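We have chain P; now place chains G, A and F onto it with these hints.
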Amino acid sequence: MITALNVEDLAIQRGERVLFRHFGLRVVAGEAVALVGANGAGKTSLLRAVAGMIRPVIGRIGFDGPAGPLSIDDARRQGCHMLGHYDGLKANRHVRDELVFQSRWCGGTAEAALAAATRLNLTRLLDLEVRVLSAGQRRRLALARLIGAPRPLWLLDEPLAPLDTVSRALLGEVMAEHVAGGGLILAAVHDPLPIPVRTAEIGQ
Amino acid sequence: MSVVGVLVRREMSLAWARGGGALLAVGFFAAATVMLPLALGPAPARLAAVSGGVTWVVLALASLLSLDRMFERDFDDGALDLLALGPLPLEVVATIKCLAQWTVSGAPLALAAPIVAVALGAKPAAAPMIFVAAGLGGLAFAFLGGTGAALALASRRGGVLIAVVVLPLLTPPVIFGGVAIENYTSGLPWLTPLCLLAGYALGAVALTPFAMAGACRNAQS
Amino acid sequence: MTTSPTDAHAVVAGALTAGKYAAYVWPAYGVTLVGFVWMILDTVLRARTWRRKADRLEQARGH
Amino acid sequence: MFAALANPHRFLAFSRWAAPILAVVATGLIAWGVWLGLNVPPDYQQGETVKIMFIHVPAAWTSMLAYACLGGSSFISLVFRHALADAAAKACAPLGAAFTGMSLVTGSLWGRPMWGAWWVWGDARLVSVLVLFLLFLGYLALRASIDDEAKGARAAEILALVGLINLPIIKFSVDWWNTLHQGDSIMRAGGSALAPVYMTPLLLAGAGFSAAFGAMWLVRIRAEIWRRRANSLALQAALA
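Protein chains in written order, with this note's numbering: chain P, 1 to 204; chain G, 1001 to 1221; chain A, 2001 to 2063; chain F, 3001 to 3240.
Derived by calculation from the structure, the hints in this document are not laboratory data.
No experiment lies behind these values; they were computed from the predicted model shown.
Fair warning: there could be bad hints in the mix.
[As the list claims (entries may be wrong)] Sample of chain P residues lacking proximity to chain G, with all beta carbon distances greater than 10 Å (derived):
id: 1; residue: T3
id: 2; residue: F20
id: 3; residue: A38
id: 4; residue: G88
id: 5; residue: L89
id: 6; residue: D164
id: 7; residue: T165
[As the list claims (entries may be wrong)] A few chain P positions that, by computed beta-carbon distances, are all more than 10 Å from chain F:
id: 8; residue: V7
id: 9; residue: G37
id: 10; residue: Y86
[Stated by the list, open to error] Okay, the calculated bits of chain P under chain G, using three or more residues with CB under 8 Å as the criterion:
id: 11; segment: 52-59
id: 12; segment: 70-82
id: 13; segment: 103-117
Each residue gets a CB set at the ideal place from its N, CA and C atoms; glycine is no exception.
Just chain P, with the same shape it has in the complex:
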């Protein structure tokens, strides 16, 4: 159960280029932070470093639980949701299968997944193949696992991008509930998030 994310003096290098240096951030339970910065400044890389996919050159990433620091691997594998540009869906599988798999895989239950589907009004689409869904519908399907499998830390990479205004409002509600319930959100964004946030700047 993650109650805080600590990023200290982080530097990330991609190939020969150092994206940023001395980046520090602390996100506590009940807080949402928006990562802002120019394109290529390293927002996505920072999220992937927190998720453990990129190894930072210098710096430390730590997760605190109610009783002090948590083991990083367990914290990531039990407490982190990451939503990138790609939704991780297979075109030839049915929406219901992907929905249930993504939630079950992240520790949720089938019932919670279906409840999330109704919440994000995906019920009409359940028996379709993912192939026929629009980008916005696919993003909502991917978002379903955030509700279906409750995990404290959400790492979102431009979550609003493919969504229409109705869905953005819906996502705003979901995020607000998550933060109110003691969750943490770290989102890389270009357009502002529909909930009050603290912003963290990346890059020069």
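Here is chains G, A and F on its own, set in the frame of chain P:
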């Protein structure tokens, strides 16, 4: 159903859908072996002499061809990131993927192997050994092929690259399998080569997941 | 191993006779020589070009 | 020792004198070994072709040494993340492939007069050198096909380690496969029962080949260090 079960079910359905399931693997297997008599001529004696060995080589190629994009599809559509953040480590995920691959296309190939070998002139009595050897060999081919597929992830060029990288590593199972079939048909002791084949296959099952997980993490970074 | 001139000549002649398999012995040595020459040239040229490039860029940076 | 050499500057200083010395030693040993080898009495069975052994066998030894170095430096680079160890692995592979290629060609030239075939499947050592050649090709193909340097390096390192673990098994399986198909007898010339008059030139040439490999490897690592330095300098200049 536990998380492992959820993943196994997903991987099985993906493996089934990916290569057109067993159809493509067995299809290639049959098509490639049909070429042999056309090329070598119908003389039964000549075909029978090579039947066991050729079946074995074509089985290896069929296994390699039917596993491409095993990791690449998940890597391209972002599912690999989701799998990496799941409760099971990538090593276990890779093992399940290879086992699914072995079950979905390895098993049908193992069933087809005796038929193809006998069709080429191998003694029908050898059929059970060919099946067992093809099954065990298929396991080694699935896991080493999976390693090649994971290594080729970062290169955007699967297919031939996987074959070039993996085929030299298949020397031991091809030798053990070929000798096991050869000895069985000619009445020589066949247990040793079979055990060596089984040993190699189990070694591959035990060790390659670490290489596969490392390669996946490398591609993700 | 002091040998007078004529002996040296004989010794060299002894070495060079490869009998009726000369057609295989010398090509083998030839291939090895070609292999070594290629390796040495490729290695040395590679080192030289990259060293020059690195030094030139180093100067350009005003060091 | 590795930590000391991990620093490029210290390595450049070390290799500046080590490479020439190794090169000189190599030339001396090879010249001496080959010279003795050429003067060896013709083998009762093989006649003059036995002289090919003095370059074929050392090339095979050196190619295995090269793969061991490739596997070793890949392991160090993978586990201890030394950038220099990766440069060593990258520098070593082409040399290994070249030595393996030479060993194959000379092996075929050696087999032709004796067995009437340009390629002798009966000789276990030739076949394992051939598989080693395929392993080198696989390594070079993988490394060449990945554009991102860091990712390409790690993928190649993992492959080199998988190959290293497989090498003894391949060697065993080929030898075992060879003893089974005892149809054509093996050429005993390369075997252990070797008259000293053959053994000394063989060992000298073997040591010479290995020293030559060492010298060239050091120089190629230097080249790799300068290549990386040039690339990063060019990048910094572009970004400044």
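Hints, verified against the model:
Against the 10 Å criterion, P:T3 stays outside the reach of chain G, whose nearest CB is about 19 Å from its own CB. Even its closest Cβ contact with chain G, about 17 Å, leaves P:F20 beyond 10 Å, as expected for a residue assigned away from the interface. Every beta carbon of chain G lies more than 10 Å from that of P:A38, the smallest distance being close to 22 Å; the non-interface claim holds. Not every beta carbon of chain G lies more than 10 Å from that of P:G88, the smallest distance being close to 4 Å; the non-interface claim is violated.
Not every beta carbon of chain G lies more than 10 Å from that of P:L89, the smallest distance being close to 7 Å; the non-interface claim is violated. Every Cβ of chain G is farther than 10 Å from the Cβ of P:D164; the closest lies at roughly 21 Å, confirming the non-interface assignment. Non-interface call for P:T165 relative to chain G: holds, since the shortest CB-CB distance, roughly 25 Å, exceeds 10 Å. Residue placement check: P:V7 keeps its beta carbon more than 10 Å from all beta carbons of chain F (closest about 21 Å).
Every Cβ of chain F is farther than 10 Å from the Cβ of P:G37; the closest lies at roughly 17 Å, confirming the non-interface assignment. P:Y86, annotated as away from the interface, keeps every beta carbon of chain F farther than 10 Å; the closest lies near 18 Å. Restraint check on the segment 52-59 of chain P versus chain G: 4 residues with Cβ-Cβ distances below 8 Å, three needed, restraint holds. Counting residues of the segment 70-82 of chain P whose CB lies closer than 8 Å to any CB of chain G gives 6, so the stated coverage by that chain holds, three being the minimum.
Closer than 8 Å: that is the beta-carbon criterion, and the segment 103-117 of chain P has 4 residues meeting it against chain G, so the requirement of 3 holds.
When held up to the earlier numbered hints, the structure conflicts with 4 and 5 and fits the remainder.
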